[in-house]
Structure formats: C-alpha cells, structure tokens
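Position chain B relative to chain A; hints supplied.
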Amino acid sequence: MKKVVIFGATSAIAQATARRFAARGDVLFLVGRNPHKLSALVQDLTVRGCRGVASLSADLNDTSSHSAIFQQAVENLGGCDVMLLAHGDLGNEQDAQKDFAAALPILQTNMLSAISLCTVAANYFEARKQGCVAAISSVAGDRGRQSNYIYGTAKGALGIFLQGLRNRLFLSGVHVLTIKPGFVDTPMTASFKKGALWAQPDTIADGIIKGIDRKRNEVYLPVFWSIIMFVIRVVPEAVFKRMKL
Amino acid sequence: MRFSEQNVVSWGRFPKSTSRIFPVLDTAFEVQNINPPCHVLPFGLGRSYGDSCLNDGEIVLTTRSLDKFISFDRTNGTLVCQAGVSFAEILDLIVPQGWFLPVTPGTKFITVGGAIANDVHGKNHHVSGNFGHHVIQFELVRSDGRFICSPIENSELFHATIGGLGLTGLITWVAFKLKPIHNPLIVQEVIRYETLEEFFEISAASEKDFEYTVSWIDCLSSGRTLGRGHYMRGNHAPAQSNMRIKLGKKLAVPFDAPNWALNSLTLKAFNLAYYWRQPQRVKRFTSHYDPFFYPLDSIHNWNRIYGSRGFLQYQCVVPFDDGAFAIREILSRISKAKTGSFLAVLKTFGAIPSVGMLSFPRRGVTLALDFPNTGERLFKLLEELDTITRSAGGAVYPAKDARMSKNSFSAFFPRFDEFSKFIDPKFSSSFLRRVT
Chain A
176 MKKVVIFGAT
186 SAIAQATARR
196 FAARGDVLFL
206 VGRNPHKLSA
216 LVQDLTVRGC
226 RGVASLSADL
236 NDTSSHSAIF
246 QQAVENLGGC
256 DVMLLAHGDL
266 GNEQDAQKDF
276 AAALPILQTN
286 MLSAISLCTV
296 AANYFEARKQ
306 GCVAAISSVA
316 GDRGRQSNYI
326 YGTAKGALGI
336 FLQGLRNRLF
346 LSGVHVLTIK
356 PGFVDTPMTA
366 SFKKGALWAQ
376 PDTIADGIIK
386 GIDRKRNEVY
396 LPVFWSIIMF
406 VIRVVPEAVF
416 KRMKL
Chain B
1424 MRFSEQNVVS
1434 WGRFPKSTSR
1444 IFPVLDTAFE
1454 VQNINPPCHV
1464 LPFGLGRSYG
1474 DSCLNDGEIV
1484 LTTRSLDKFI
1494 SFDRTNGTLV
1504 CQAGVSFAEI
1514 LDLIVPQGWF
1524 LPVTPGTKFI
1534 TVGGAIANDV
1544 HGKNHHVSGN
1554 FGHHVIQFEL
1564 VRSDGRFICS
1574 PIENSELFHA
1584 TIGGLGLTGL
1594 ITWVAFKLKP
1604 IHNPLIVQEV
1614 IRYETLEEFF
1624 EISAASEKDF
1634 EYTVSWIDCL
1644 SSGRTLGRGH
1654 YMRGNHAPAQ
1664 SNMRIKLGKK
1674 LAVPFDAPNW
1684 ALNSLTLKAF
1694 NLAYYWRQPQ
1704 RVKRFTSHYD
1714 PFFYPLDSIH
1724 NWNRIYGSRG
1734 FLQYQCVVPF
1744 DDGAFAIREI
1754 LSRISKAKTG
1764 SFLAVLKTFG
1774 AIPSVGMLSF
1784 PRRGVTLALD
1794 FPNTGERLFK
1804 LLEELDTITR
1814 SAGGAVYPAK
1824 DARMSKNSFS
1834 AFFPRFDEFS
1844 KFIDPKFSSS
1854 FLRRVT
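Read top to bottom, the protein sequences are chains A and B. Quick note, our numbering runs 175 ahead of the 1-based positions in the first sequence. Quick note, our numbering runs 1423 ahead of the 1-based positions in the second sequence.
Only chain A is shown next, with the shape it has when bound in the complex (with noise of 0.2 Å):
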C-alpha cells in the first residue's frame, strides 16, 4: 500500500491515474481547485472501493501555501511514498504571445507552481531517503515551437528542473519521473480537432503508474511520442526555423 498525493486531482489524467492507484489498494490524498468536483471525485473513488481518500481545495497557483499543503496531506495520510503533479493550463497562446500578462498565468500555473511543489516534496523524501516524484510535463516542453512556445516554455522548463532534482536525489534514492504526455483527448483539449496521434486518459495513466513502478526517469506517452519527439529534437534549428510547427 502506498501513501500518495496528487495534485490538480480533478485533471482527466489524473483522475484516470488515482482509479488505478485505488484500485490496487494504495491511500490518497487529492488536491484540486474545484471543491464540487474534488468531492465527485471522492465519492466516486469510495465507491470504487478505495481504502482512504481526503481532498483538499486549493488554489495552487499561492505558492505560499504549498508547504502547509504537502504537511497536511503527509499528516492525514500518516506519510506519504508519492507525489503526483499534474495541474496545468494551456491558457491562451495566441493572446500569451502578444502579452505578457497573459503569459504569466500560463507560466505560474505549469512552471513556477510546479517547481514549488516538487521542492516541497523533494525535501520531504530527501530527508526519509525515499518516495517518488512524478510530474507531468509535456511533448511541448522538448522544443519551442511557434503554435505553443509560451506553454512549452513553462513545461520544458519544468523538465530541465526535474533533470537536476533527479540529478540531486539520486544518492538519497529518491525517484524522479517526468512524465511527456502527447495529445490527450481531455476537457483541456476539447476545442482541438482530433487525429490519429490522440489518446485518451486511460492510456496516460496506465503509462504514469508503471513508470512509477519501474522506476523509469522520463516517459513519452503513449510511447511512440519518443520516436516523434526525438525526429523534432534533431532537426537543425537552421532548417527548423523555417517549418510551421
């Protein structure tokens, strides 16, 4: 049984990953924004058989709170072996392209919240010289490109953080996952036309426990996003400057 906090609970992945986590028998604590769907979400975890689950609402974006936070989800737990971020937004690119006003939201909510959070966390399983951080990142964040650089930046930013926590950690044993989905087919997306490259939450979340499991360091999901994202990542900046990405 395994002690474990996620937050941005109420995101479609997350959700999909907290029935797979309740369905083999581990505890949860969940944080979200929305009260009324934290408590949907608790409910319908109860009557899927979890063995415990709390909530907590919060708006996430108040990094000042995040250590009385993570404490109170380690006392109602009574411990805790992961931590699972998975808020995020995509905002409004076009507008965060022309204001940073707009941009900022977009890089406190992916970026900076996050990177506090796994602080928090990372200092906690620092100390006791286990758990795992699990954060959900994304394909955007390997390489800026014009449709969604100002998201990409806060995510790749995230990634080259949980490069060095993992980097720090190593020798306390503490596990560090990035998690690179691709296209999810979520309420985040609902207003994009679908293709053959989309999956669905249920797919992500079967990826993010069994990186957990295994004790991976980064993962595309579903898996074939490394293939893709490797062909981005090698295409010279001359050459790719030029393609409308």
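Hints are computed from structural coordinates only; laboratory data are not their basis. Ideal Cβ placement from N, Cα and C applies to all residues, glycine included. Don't take each hint at face value.
Calculated pairs, DSSO-like style, for lysine-lysine (alpha carbon to alpha carbon, straight line, at most 27 Å) [said to hold, decoys possible]:
1) 1844(B) to 385(A)
2) 369(A) to 1673(B)
3) 1849(B) to 368(A)
Pair ranges (Cβ atoms, derived) [stated by the list, open to error]:
4) 1677(B) to 342(A): 38 to 48 Å
5) 1579(B) to 375(A): 37 to 47 Å
6) 411(A) to 1802(B): 49 to 59 Å
7) 238(A) to 1571(B): 35 to 45 Å
8) 393(A) to 1520(B): 35 to 45 Å
9) 405(A) to 1674(B): 28 to 38 Å
Covered by chain A, according to a simulated footprint, are these stretches of chain B (three or more residues, beta-carbon under 8 Å) [unchecked claim]:
10) 1431 to 1441
11) 1493 to 1500
Okay, now just chain B, sitting in the frame of chain A:
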C-alpha cells in the same frame, strides 16, 4: 470556453455532421453557461447509429467527464452515478459484488444518460422491459431550471425524458435498480432452426424458462428457409456453477475497409458459413457474460468494415399477427434485394408497456440489421420497409435511424405531440429537425 468546429459522427458514420463541442465538466452545469445562445444536444459515447445523437451546425454537450459513481448500495442493489458513466464501467464495479445491469443492449460502450434517452432494451425485454423501467430517479438540467424526476416527482418530465432522445434537457445523474446474480456466467443454448415458423415456436416455448432470448438470422436466405438462423437463449448461472473464465483477446479493425469489400457475394458466403458453423441442432454451454451480451464489443471499431461510406441500421417492430405476415414480407424484400449483412437479429418483445412517451419497444417481433450505405437503392428499399411497418402498425427505432420520413415518424410515434411540450427550447438534434 473556446470552441472549434469539429466533425461529429455516430456509430453508423452516416450522416456526417459538424458541431461545436462543449464538454460538460461536472453536475453543476447550467444551460445558461453556453454563450452565445445556440441549440445544444447531449452526446455520450456516440453509439446511436444515425443522427439522433448529432446536432449539425449547433452544439453538442459531451458528457464523458460526468463519469463518477455517487453511491452503490451493495445490499439492495441500487446504483447512483453521473450520466456519462458507461455500462462497461458499471459492470466492472457491480459484477464482482453480485449484481448485474437490469437491462443491457448489445454493446456496453454506452452511457447511462444515453440508455435513458433511447430507453434501450435487451435480450430480456419479455421479462424486464426496457432500461427505463428500472430507473428510480434522475436530475434533469434544463434552460428553465434543475429538476429531480421520478415516477412520482415531475413525473411527466420523467416519462418524456425516458426515450426522449436527449431533447428534454441534460441528465446529470441517475439512480437505478440492479439485478442480483450469483456469478458472471450465463448458461445458454443455441438452437439452429430452418424456418420462420420454427422461430416463433421456439420463441413461444422459450420465454417462460429463459430470461434472455435472441436470434441471429440469415437475412439472405429466401423461400422455404426464409428467416432461418440460430436461436440463442440463456439464464444467469446458478450459485454452484464453476468454470475457468478465459476471455479472448480484443481485436480491432485498424482502418476503413474498402467500400467494395462487403458485397452480395461476400455477404452470402458469410451468412452461409455462419449458419452451418453449428452443424448440430442444439448446443448447450456456459460462458462468461461478455461474449453472450457483447459479441461485437470484442472487435474494436467494427463499424469500419463498412468502409468510409458508413452504414445504416434498420430496426423495426411489428405487432404479432396471423402468420407473421409483416415480418415475412420485410424479410423477403431484404433477401430479394441481396443486401443486408451478417448482423441480422430477430427477437420478440413482451407485453410490458414502455414508460417513455417516445419509447420504441412495444409488443411484437423486432428485426434489426445493418446495410452498407449504397445510396439511392438502399434508401428506396428502407422506404418500402417503412411502408410495410406502418401498415402493420409498427415502428422504427430512432436510435438507429438516419432517414425515416416525417410522415412515418408521426405514424410510428403517436404520442409525439404530447412529448413535444417537454422539449427544451434550447435543445435540438439533427434527427428532430429532420422528422418534424
């Protein structure tokens, strides 16, 4: 909320439609949230075959985020869940606890909201009626407010919404009764029969002792063997049954088959082979419920075998009459046209009256089959079948329809006028606009 125009298709992939997608994120949803004002239609898993789940040029409210269970009374068998929960998810939860769906259609990839909107039926209609018979209560969100509906509370809205094709408002959560079982097994018998008379004889003899009955028919067979097929009947297995359950691997149709792949020759060959798959008259065996109820669910995207043109399903019900004249006439028109497919199903409906104003099931015999969308010629054939169904006093199932005429619709559903008072003015569908 940002919108973009997207192609939305139903299971038959005909007709095509374009709508804006608005995901319903939780049960606190209000119709007023939608701006600019436009007509909306709830959309679950899109397993309706025709255009009853489509809203071309308008908005569809996707309900798959309403996928939470709310409560499960394991003692009395009552389940409360949000309307976007699928039958597959429900079965995964309830079967290990000794409960089963009270009524289920031939696919488990439908939502509870959709089951109510189409008042779906299954192989146990003669015993248990439709899904609507087992609904205790639900919440309906309309442009004029939120309503708890049950047979005693807002009962008119309750009866309009069951079978109401999603037009009376958005169902957010549902409470319904489950059925107790001992294990996931079905004890079944398959009887190969040669004539339509035999079908009716076996039906009459089976309905008392078997909870589930259905028949696959060879829709290309004609003359003396018109309507020949395999009659399947089964019951939930008793407590002592023991059997190692081994479920087959899921298959998938990874791409559209070319449109010519299904033609009269391949269909004839398939139906012949399938009929003689069982050389003996009667076969008895026990199986898991999954292949018994959901044989096609094991082939992911099976609708692709009809190619990009899509297909139409035709399901009608005609009352029992002397010599089953109407169903015989329908079957012989189909076999003469040398079209149809391998998925022809014949079943008798029992006498339990439906609870919904627009519910399809009524006492008689129902036939369902697929036709590859061959255009003009097919539409002409289906129009002829409608005429026979009408003169017999029967009906065609809206959940499977993409082409019935206005006149046919009003003949099939005489309570439409009464129903139309309950249509939410902010709701509409491609189907509604076509048949009214």
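Here's how the hints hold up against the structure:
{"no.": "1", "hint": "1844(B) to 385(A)", "result": "violated, 53 Å"}
{"no.": "2", "hint": "369(A) to 1673(B)", "result": "holds, 23 Å"}
{"no.": "3", "hint": "1849(B) to 368(A)", "result": "holds, 25 Å"}
{"no.": "4", "hint": "1677(B) to 342(A): 38 to 48 Å", "result": "holds, 41 Å"}
{"no.": "5", "hint": "1579(B) to 375(A): 37 to 47 Å", "result": "holds, 39 Å"}
{"no.": "6", "hint": "411(A) to 1802(B): 49 to 59 Å", "result": "holds, 56 Å"}
{"no.": "7", "hint": "238(A) to 1571(B): 35 to 45 Å", "result": "holds, 42 Å"}
{"no.": "8", "hint": "393(A) to 1520(B): 35 to 45 Å", "result": "holds, 39 Å"}
{"no.": "9", "hint": "405(A) to 1674(B): 28 to 38 Å", "result": "holds, 31 Å"}
{"no.": "10", "hint": "1431 to 1441", "result": "violated (count 0)"}
{"no.": "11", "hint": "1493 to 1500", "result": "holds (count 3)"}
In this structure, the earlier hints numbered 1 and 10 are contradicted, and the remaining ones agree with it.
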